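Student: Protein chains in written order, with numbering that gives the first Met the number 0: chain A, 0 to 278; chain B, 0 to 278; chain C, 0 to 278; chain D, 0 to 278.
Source of the hints: derived by calculation from the structure; they are not laboratory data. Note that the coordinates shown come from a computational prediction; the quantities given were computed from them, not determined experimentally. Some hints could be false.
Copies of one chain are not kept apart here, so a pair can be met inside one copy or by any two copies together.
Pairs of lysine-lysine residues, derived as DSBU-like cross-links and limited to a Cα-Cα distance of at most 30 Å, are as follows [stated by the list, open to error]:
| no. | residue 1 | residue 2 |
| --- | --- | --- |
| 1 | Lys67 | Lys130 |
| 2 | Lys50 | Lys130 |
| 3 | Lys67 | Lys50 |
Number of protein chains: 4
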Amino acid sequence: MEPMMLRLGHEIQFEIPAPVAIVALLNVHPSRAADLRAPDEVQVEPALSIKTFLDSFGNRCTRFLAPKGTLRLRNETLIHDSGQADPVAIDAREVPVQELPIDVLRYLYNSRYCEVDRFSMIAVELFGSAKPGWSRVQAICDWVHTHVTFGYQYARPTKTALDVYTERFGVCRDFQHLAVTLCRALNIPARYVTGYLGDIGVPVSPSPMDFSAWFEVYLEDRWWTFDARYNEPRVGRVLMATGRDASDVALTTSFGMANLTHFTVICEQVTTPAVATAI
Amino acid sequence: MEPMMLRLGHEIQFEIPAPVAIVALLNVHPSRAADLRAPDEVQVEPALSIKTFLDSFGNRCTRFLAPKGTLRLRNETLIHDSGQADPVAIDAREVPVQELPIDVLRYLYNSRYCEVDRFSMIAVELFGSAKPGWSRVQAICDWVHTHVTFGYQYARPTKTALDVYTERFGVCRDFQHLAVTLCRALNIPARYVTGYLGDIGVPVSPSPMDFSAWFEVYLEDRWWTFDARYNEPRVGRVLMATGRDASDVALTTSFGMANLTHFTVICEQVTTPAVATAI
Amino acid sequence: MEPMMLRLGHEIQFEIPAPVAIVALLNVHPSRAADLRAPDEVQVEPALSIKTFLDSFGNRCTRFLAPKGTLRLRNETLIHDSGQADPVAIDAREVPVQELPIDVLRYLYNSRYCEVDRFSMIAVELFGSAKPGWSRVQAICDWVHTHVTFGYQYARPTKTALDVYTERFGVCRDFQHLAVTLCRALNIPARYVTGYLGDIGVPVSPSPMDFSAWFEVYLEDRWWTFDARYNEPRVGRVLMATGRDASDVALTTSFGMANLTHFTVICEQVTTPAVATAI
Amino acid sequence: MEPMMLRLGHEIQFEIPAPVAIVALLNVHPSRAADLRAPDEVQVEPALSIKTFLDSFGNRCTRFLAPKGTLRLRNETLIHDSGQADPVAIDAREVPVQELPIDVLRYLYNSRYCEVDRFSMIAVELFGSAKPGWSRVQAICDWVHTHVTFGYQYARPTKTALDVYTERFGVCRDFQHLAVTLCRALNIPARYVTGYLGDIGVPVSPSPMDFSAWFEVYLEDRWWTFDARYNEPRVGRVLMATGRDASDVALTTSFGMANLTHFTVICEQVTTPAVATAI
Numbered sequence: 000m001e002p003m004m005l006r007l008g009h010e011i012q013f014e015i016p017a018p019v020a021i022v023a024l025l026n027v028h029p030s031r032a033a034d035l036r037a038p039d040e041v042q043v044e045p046a047l048s049i050k051t052f053l054d055s056f057g058n059r060c061t062r063f064l065a066p067k068g069t070l071r072l073r074n075e076t077l078i079h080d081s082g083q084a085d086p087v088a089i090d091a092r093e094v095p096v097q098e099l100p101i102d103v104l105r106y107l108y109n110s111r112y113c114e115v116d117r118f119s120m121i122a123v124e125l126f127g128s129a130k131p132g133w134s135r136v137q138a139i140c141d142w143v144h145t146h147v148t149f150g151y152q153y154a155r156p157t158k159t160a161l162d163v164y165t166e167r168f169g170v171c172r173d174f175q176h177l178a179v180t181l182c183r184a185l186n187i188p189a190r191y192v193t194g195y196l197g198d199i200g201v202p203v204s205p206s207p208m209d210f211s212a213w214f215e216v217y218l219e220d221r222w223w224t225f226d227a228r229y230n231e232p233r234v235g236r237v238l239m240a241t242g243r244d245a246s247d248v249a250l251t252t253s254f255g256m257a258n259l260t261h262f263t264v265i266c267e268q269v270t271t272p273a274v275a276t277a278i
Numbered sequence: 000m001e002p003m004m005l006r007l008g009h010e011i012q013f014e015i016p017a018p019v020a021i022v023a024l025l026n027v028h029p030s031r032a033a034d035l036r037a038p039d040e041v042q043v044e045p046a047l048s049i050k051t052f053l054d055s056f057g058n059r060c061t062r063f064l065a066p067k068g069t070l071r072l073r074n075e076t077l078i079h080d081s082g083q084a085d086p087v088a089i090d091a092r093e094v095p096v097q098e099l100p101i102d103v104l105r106y107l108y109n110s111r112y113c114e115v116d117r118f119s120m121i122a123v124e125l126f127g128s129a130k131p132g133w134s135r136v137q138a139i140c141d142w143v144h145t146h147v148t149f150g151y152q153y154a155r156p157t158k159t160a161l162d163v164y165t166e167r168f169g170v171c172r173d174f175q176h177l178a179v180t181l182c183r184a185l186n187i188p189a190r191y192v193t194g195y196l197g198d199i200g201v202p203v204s205p206s207p208m209d210f211s212a213w214f215e216v217y218l219e220d221r222w223w224t225f226d227a228r229y230n231e232p233r234v235g236r237v238l239m240a241t242g243r244d245a246s247d248v249a250l251t252t253s254f255g256m257a258n259l260t261h262f263t264v265i266c267e268q269v270t271t272p273a274v275a276t277a278i
Numbered sequence: 000m001e002p003m004m005l006r007l008g009h010e011i012q013f014e015i016p017a018p019v020a021i022v023a024l025l026n027v028h029p030s031r032a033a034d035l036r037a038p039d040e041v042q043v044e045p046a047l048s049i050k051t052f053l054d055s056f057g058n059r060c061t062r063f064l065a066p067k068g069t070l071r072l073r074n075e076t077l078i079h080d081s082g083q084a085d086p087v088a089i090d091a092r093e094v095p096v097q098e099l100p101i102d103v104l105r106y107l108y109n110s111r112y113c114e115v116d117r118f119s120m121i122a123v124e125l126f127g128s129a130k131p132g133w134s135r136v137q138a139i140c141d142w143v144h145t146h147v148t149f150g151y152q153y154a155r156p157t158k159t160a161l162d163v164y165t166e167r168f169g170v171c172r173d174f175q176h177l178a179v180t181l182c183r184a185l186n187i188p189a190r191y192v193t194g195y196l197g198d199i200g201v202p203v204s205p206s207p208m209d210f211s212a213w214f215e216v217y218l219e220d221r222w223w224t225f226d227a228r229y230n231e232p233r234v235g236r237v238l239m240a241t242g243r244d245a246s247d248v249a250l251t252t253s254f255g256m257a258n259l260t261h262f263t264v265i266c267e268q269v270t271t272p273a274v275a276t277a278i
Numbered sequence: 000m001e002p003m004m005l006r007l008g009h010e011i012q013f014e015i016p017a018p019v020a021i022v023a024l025l026n027v028h029p030s031r032a033a034d035l036r037a038p039d040e041v042q043v044e045p046a047l048s049i050k051t052f053l054d055s056f057g058n059r060c061t062r063f064l065a066p067k068g069t070l071r072l073r074n075e076t077l078i079h080d081s082g083q084a085d086p087v088a089i090d091a092r093e094v095p096v097q098e099l100p101i102d103v104l105r106y107l108y109n110s111r112y113c114e115v116d117r118f119s120m121i122a123v124e125l126f127g128s129a130k131p132g133w134s135r136v137q138a139i140c141d142w143v144h145t146h147v148t149f150g151y152q153y154a155r156p157t158k159t160a161l162d163v164y165t166e167r168f169g170v171c172r173d174f175q176h177l178a179v180t181l182c183r184a185l186n187i188p189a190r191y192v193t194g195y196l197g198d199i200g201v202p203v204s205p206s207p208m209d210f211s212a213w214f215e216v217y218l219e220d221r222w223w224t225f226d227a228r229y230n231e232p233r234v235g236r237v238l239m240a241t242g243r244d245a246s247d248v249a250l251t252t253s254f255g256m257a258n259l260t261h262f263t264v265i266c267e268q269v270t271t272p273a274v275a276t277a278i
């Protein structure tokens with residue numbers, strides 16, 4: 000597709016029964032900063048003192064103390080997108096662990112929802128004889144995509160890759176957790192991603208829009224986008240945050256009670272690069 | 000006790016059936032660099048090209064490709080120690096999440112062996128009414144120390160904090176994982192530590208020496224040492240590595256088969272600061 | 000309340016993609032046979048050769064091979080009910096294991112959703128000092144009722160007592176599994192029950208009717224009804240099946256694919272003991 | 000081999016800190032009663048009032064209240080054995096669920112250590128295309144035997160089939176739990192067995208003798224012996240108890256503290272059918 004402009008944003012509302020600290024990852028990832036065509040600032044109501052920072056994974060975060068009452072988080076911006084689908088590089092090779100960049104190593108380890116230690120033999124049995132490199136990662140995506148059934152009713156906060164592997168039902172995050180874990184169990188660095196993924200170049204989904212999850216794999220000399228949920232190259236992904244798994248990149252983490260009462264997300268192509276408007 | 004000199008080191012041997020990448024954390028932590036009185040360099044036999052680096056937690060690491068055959072890792076050094084037991088600061092307060100230093104935040108989250116999300120209610124029920132701050136952390140240590148029974152036969156690589164909570168048996172690492180998880184579930188930053196802990200000022204243990212695990216908690220304005228296994232201030236801890244849990248700070252992580260055939264650790268007081276000798 | 004007549008029944012429909020064996024527990028329990036005022040026979044459409052039998056727990060079961068296509072199971076009957084609420088006997092004592100009737104012993108053991116072995120210490124810590132007997136069981140019900148939040152969205156087929164204990168959300172069956180497990184961990188025999196529970200003498204629930212789950216505890220010299228979900232004596236329970244846990248007493252167990260497409264349950268007081276009519 | 004006489008027995012000692020009820024399964028199974036050539040009575044010291052009974056699975060059980068102090072359980076008997084190895088019937092067919100004898104059905108369900116519900120897809124993926132009947136069960140045994148490594152250090156009381164499947168280490172009971180679960184997930188009835196298995200016709204094991212576990216599968220018209228641990232027909236198995244899994248057939252179940260201090264088992268061929276003597 001042609002280069003395009005995307006309008007994206009969200010509006011999230013909580014009822015807060017008592018003051019509570021919140022960390023939010025509601026900005027576009029620094030790697031896309033140059034593509035922004037409008038400010039990308041989280042607006043918090045009521046007005047609060049907020050702190051913005053980069054976390055240990057390099058994601059843009061916002062921290063604040065939410066007072067008792069209604070809390071509204073909003074952000075809407077415009078971003079330029081290449082219009083290119085996720086690149087495919089079927090010759091990209093696996094990098095031996097001893098040659099990986101140092102900062103990539105941590106994506107080989109266990110994490111809360113990715114029990115690499117419980118998948119070592121399963122991963123080898125399923126994919127040990129697949130052709131190393133891109134093909135092997137694609138085989139993992141194909142397997143997860145085929146063997147797991149999507150359904151919003153199967154979401155739960157504590158579901159791990161092993162749960163997904165035995166239950167075979169899940170949401171976006173569950174597909175990616177299982178694929179990430181299988182990659183790591185084969186010594187292929189993999190990290191979890193959250194971001195915007197509009198229905199660009201595909202039929203519009205009847206469900207309300209939500210944030211999406213996909214994952215990245217380090218092959219050859221860089222990170223590549225994979226998505227065990229949709230399992231086809233897509234146009235218009237906008238990366239927000241990467242981490243070891245969903246626990247690292249929750250859109251909002253509340254350190255106490257916060258009841259979600261409203262939630263909308265948009266991500267759509269705009270033909271005229273209009274001024275961002277309220278959603 | 001008086002300031003003292005500690006001789007410490009290890010010798011670890013593997014049989015390697017096929018070339019395998021290994022990452023090792025076998026150095027003293029950078030925070031203790033100024034105390035070293037002899038070189039602290041991992042010796043690898045056979046001689047290999049090794050890469051040393053700091054990981055994302057700030058630990059000194061070594062990476063190399065081990066060839067087929069016998070692999071021997073050794074390190075022995077001398078370190079000056081204050082002779083002071085772990086400090087106690089019963090007035091140290093809990094820091095509200097919105098005031099924590101940014102780089103401390105990640106120690107509030109879930110990790111592989113610390114399922115914070117499954118302990119939120121349990122932690123509140125057990126310790127929600129304890130006096131916040133040092134007293135609460137001490138109450139957690141007391142509880143874990145009293146309710147979990149130590150035994151080497153209870154070690155297993157996949158044991159999580161929830162397993163420890165239900166089984167009530169474990170080794171060092173299990174005690175600390177449970178305590179760390181309970182702290183985090185109460186929004187108190189806690190991180191896992193591995194290091195040397197000799198029998199200094201306490202009766203000599205009849206078991207062969209091993210590396211030890213303890214944990215650190217962020218209170219007031221710094222990290223403090225706690226140990227749910229021994230649960231008393233000790234002299235002569237030498238920190239090697241900190242991380243979210245044992246998965247982050249394994250002494251050696253092999254990305255393939257490596258069969259441990261020999262393992263010795265020493266950590267003892269030396270009256271004359273002698274030249275380091277072979278163990 | 001006065002003695003009364005209850006009309007109860009269900010209609011369940013499946014789409015069967017390929018012939019599949021089904022075992023159903025859709026009759027009133029033999030212990031209530033004398034109260035029946037109309038036939039209690041499962042009607043299967045299409046007409047099939049069915050086998051009825053008592054399982055190892057004494058429940059009335061039906062087994063058949065469902066052909067490809069639509070399968071409809073219906074049953075409707077009339078039963079006389081005492082109108083009395085669940086009896087309360089606050090002096091009922093716990094029976095020492097060595098004095099329990101032999102056929103009660105099996106309700107002390109582990110089962111799929113009741114991991115008694117993982118609750119031994121937790122149960123003692125929570126209820127070890129409660130007054131033995133009825134009071135202790137009531138304390139368990141009170142705790143589960145208070146600490147677990149009901150919601151249909153929290154149902155899942157593999158959820159165990161330990162999951163309920165950590166997640167604190169669930170449906171009927173989850174409340175009872177946790178309470179059953181805590182009882183057994185204290186050497187109090189407890190078994191899982193499914194049956195009809197209409198809104199008799201209580202406000203009518205806005206949700207569509209469903210089968211209900213409760214549990215029974217052996218104290219003094221008999222089994223007593225408890226219900227950690229509602230946690231108050233109720234009128235009009237009609238027992239269908241008892242077992243170790245939900246796995247033993249599923250309304251229908253399909254040994255292959257069977258997609259549920261329709262499901263209604265009724266249980267209501269009828270003033271005139273009318274002839275049973277279609278629902 | 001020729002018909003033979005086996006001498007078998009055990010001596011188990013506990014230290015009991017406070018009176019505790021115990022249920023023991025320390026007799027030969029009723030199905031072997033006709034082969035007994037000496038009394039098969041559990042001797043309890045001190046002398047206690049004991050109750051013997053058949054449990055719901057048909058096993059001979061003993062129940063008593065053990066007083067504070069040392070408890071010794073002994074039994075030694077002689078049994079005639081055919082000398083025939085476990086029969087092999089490669090044409091034995093799987094029985095469709097709708098044709099299974101009623102009392103066999105319960106061995107299709109979930110139990111504590113056999114999470115059939117978490118293996119439905121895994122079992123189909125691994126063995127769905129294997130030839131039904133004996134061959135499929137043998138394929139399961141071969142797989143478990145090959146993919147799981149034996150080691151006493153891997154035993155733990157709470158280990159389930161799923162744990163064995165992911166960890167790939169275990170003792171007898173773990174091999175059988177995994178094989179039993181895979182069978183049930185394919186709708187093949189399977190039950191867990193404990194009994195004596197001497198080193199008859201095979202090299203004598205250097206380890207002290209222990210009770211053994213194997214499993215039985217219902218094919219064609221009867222139960223057949225399988226053993227995923229040794230995975231070869233053996234001579235001289237003496238069945239003691241069958242159940243859904245190890246939880247049902249523990250040699251001793253203590254309803255409170257009982258510390259095992261001594262444990263010996265014998266099972267050996269005797270050339271002269273001697274009078275049973277003390278072990």
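Student: With reference to the structure, classify each hint as holding or not holding.
Tutor: Hints and how they fare:
1. Lys67 <-> Lys130: Classified as between: cross-chain Cα gap 24 Å, same-chain 55 Å, threshold 30 Å.
2. Lys50 <-> Lys130: Intra 47 Å, inter 29 Å, cutoff 30 Å: inter-copy only.
3. Lys67 <-> Lys50: For Lys67 and Lys50, only the intra-copy Cα distance (19 Å) is at most 30 Å; the inter-copy one is 52 Å.
Hint compliance for this structure: every hint is met.
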